[in-house]
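Line order of the protein sequences matches chains A and B. Per the numbering used here, the first sequence starts with residue 1, numbered consecutively. Per the numbering used here, the second sequence starts with residue 1, numbered consecutively.
Identical copies go unnamed one by one, so any copy, or any two together, can satisfy a pair.
Below 20 Å or equal to it, Euclidean Cα-Cα: the simulated DMTMM-like pairs (lysine to aspartate or glutamate) are:
(1) K35 to D80
(2) K63 to D38
(3) K248 to D232
(4) K45 to D80
(5) K245 to E158
None of these hints come from the bench; they were simulated from the model.
Protein chains: 2
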Amino acid sequence: MNVLIVFAHPERRSLNGALLDVATAELQAQGHEVKVSDLYAMHWKATVDQADFPDLPADERLKVASASSREFAEGGLTEDVKGEQAKLLWADTVILQFPLWWFTMPAILKGWVDRVYAYGFAYGVGEHSDRRWGDRYGEGTMAGKRAMLVVTAGGWPEHYSARGINGPIDDLLFPINHGILFYPGFTVLPSFVAYQVDRLDEAGFTILSEHIRERMRTLATTAPIPYRKQNDGDYQIPTMELKPKLEKPGAVGFSLHIAGEKTG
Amino acid sequence: MNVLIVFAHPERRSLNGALLDVATAELQAQGHEVKVSDLYAMHWKATVDQADFPDLPADERLKVASASSREFAEGGLTEDVKGEQAKLLWADTVILQFPLWWFTMPAILKGWVDRVYAYGFAYGVGEHSDRRWGDRYGEGTMAGKRAMLVVTAGGWPEHYSARGINGPIDDLLFPINHGILFYPGFTVLPSFVAYQVDRLDEAGFTILSEHIRERMRTLATTAPIPYRKQNDGDYQIPTMELKPKLEKPGAVGFSLHIAGEKTG
Chain A
1 MNVLIVFAHP
11 ERRSLNGALL
21 DVATAELQAQ
31 GHEVKVSDLY
41 AMHWKATVDQ
51 ADFPDLPADE
61 RLKVASASSR
71 EFAEGGLTED
81 VKGEQAKLLW
91 ADTVILQFPL
101 WWFTMPAILK
111 GWVDRVYAYG
121 FAYGVGEHSD
131 RRWGDRYGEG
141 TMAGKRAMLV
151 VTAGGWPEHY
161 SARGINGPID
171 DLLFPINHGI
181 LFYPGFTVLP
191 SFVAYQVDRL
201 DEAGFTILSE
211 HIRERMRTLA
221 TTAPIPYRKQ
231 NDGDYQIPTM
241 ELKPKLEKPG
251 AVGFSLHIAG
261 EKTG
Chain B
1 MNVLIVFAHP
11 ERRSLNGALL
21 DVATAELQAQ
31 GHEVKVSDLY
41 AMHWKATVDQ
51 ADFPDLPADE
61 RLKVASASSR
71 EFAEGGLTED
81 VKGEQAKLLW
91 ADTVILQFPL
101 WWFTMPAILK
111 GWVDRVYAYG
121 FAYGVGEHSD
131 RRWGDRYGEG
141 TMAGKRAMLV
151 VTAGGWPEHY
161 SARGINGPID
171 DLLFPINHGI
181 LFYPGFTVLP
191 SFVAYQVDRL
201 DEAGFTILSE
211 HIRERMRTLA
221 TTAPIPYRKQ
231 NDGDYQIPTM
241 ELKPKLEKPG
251 AVGFSLHIAG
261 EKTG
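Taking the hints into account, I'd like the entire structure generated from these sequences.
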């Protein structure tokens, strides 16, 4: 299959860079095609601004969604953005790899999302009616493709555990996994997270490498996070609230949107 | 008092820009000093890279935390970063204002955090021992200052409610409120969130303006989010897990870190 890795670390000679090499080699050994968008090497423009919409008159007020919609429809987005959109369409699986900075992705990767996820491409897709609220959350342009995060963190696993002070890692990553990957239709695999990466010795790297190789070998078979699809009947339209009693007793917050055993 | 507003919208002639004007006027009417960091107008560099650490030899491997630590200690960070750090030290209250893009801040504001929050300034502060794990989460450089978010969203309030498909707004903003504001010591006020901003008419703007004026009038008196301080005894050290039975029955995830009635 075709795998796109979007890589967002400022230093290629880093643990992240080494893990990228390990993952790429393993994917190629399995016969997959791999493309890497190394955002720092590409000098990726991180900021959405007027220059992203070349056909917008210079003195016209910038409304991002409508400008994005018009330029996407007319093929007028900038070449760097169109190139990344083409890679997304080419890929069967997309991996976002980044160091966790301030509990989310670095700015350069957020800027990749902000710019590449055009209106009509990643949002604003599909019809709104009393039975559908657009093609999103499990439907959309990326439907049928898989995606996952590869994340490195300086903190300890305990700090990101159920009672850890940083918050549970799955909750910290929910806005990305659910809001950025599931939203335009990706099937989302559990994240690969490496902790205490500033203290990693050679033995630790060997173990980590084997873990990421195993994840690369099982991309097609790993069970995804069972997020609820928006238009399959679990949500009220148009309030988009989860209907009563679908969740496990006691489930609240983000976990409502993951299908569990129905006991209600 | 001194108020810093960090503003991250690409169009000054936007609802966000209008709310910025309303907030600024109200603060000045109350006798406060206001500074605005309009990141787009400043052409803020969003990406952390080698150029942020001028004393780092060009061929040396970039380790962000150690480079940041050394340059901060030696006064060698770039002038734009030092300017923002000076504004933070000047301010009694800091407001981050932005449109919610993909369930978090735009890249340009994330890049402000990534670059301005140097090691030794916003993290890597204080001693580690069996009683303290650095000055963070309620202690640190920003201790004694207040902070809050002003956020605009296109979606409906229901979509961000307790059972809404996007996830509860307070959980989506937790990584910012707790991980970016509380972490270096700010006292964090509840966020101001405006919904359905693409459909706002004049009457709606009048109501919204009055709401933000009221929040600006009560900056000093609004009750903060009662996040638990890290070093006050609620957490095990060094695993930084919340000690048993401190939370309300049934509380999980991010909500563990907000002090409630102790019923355990």
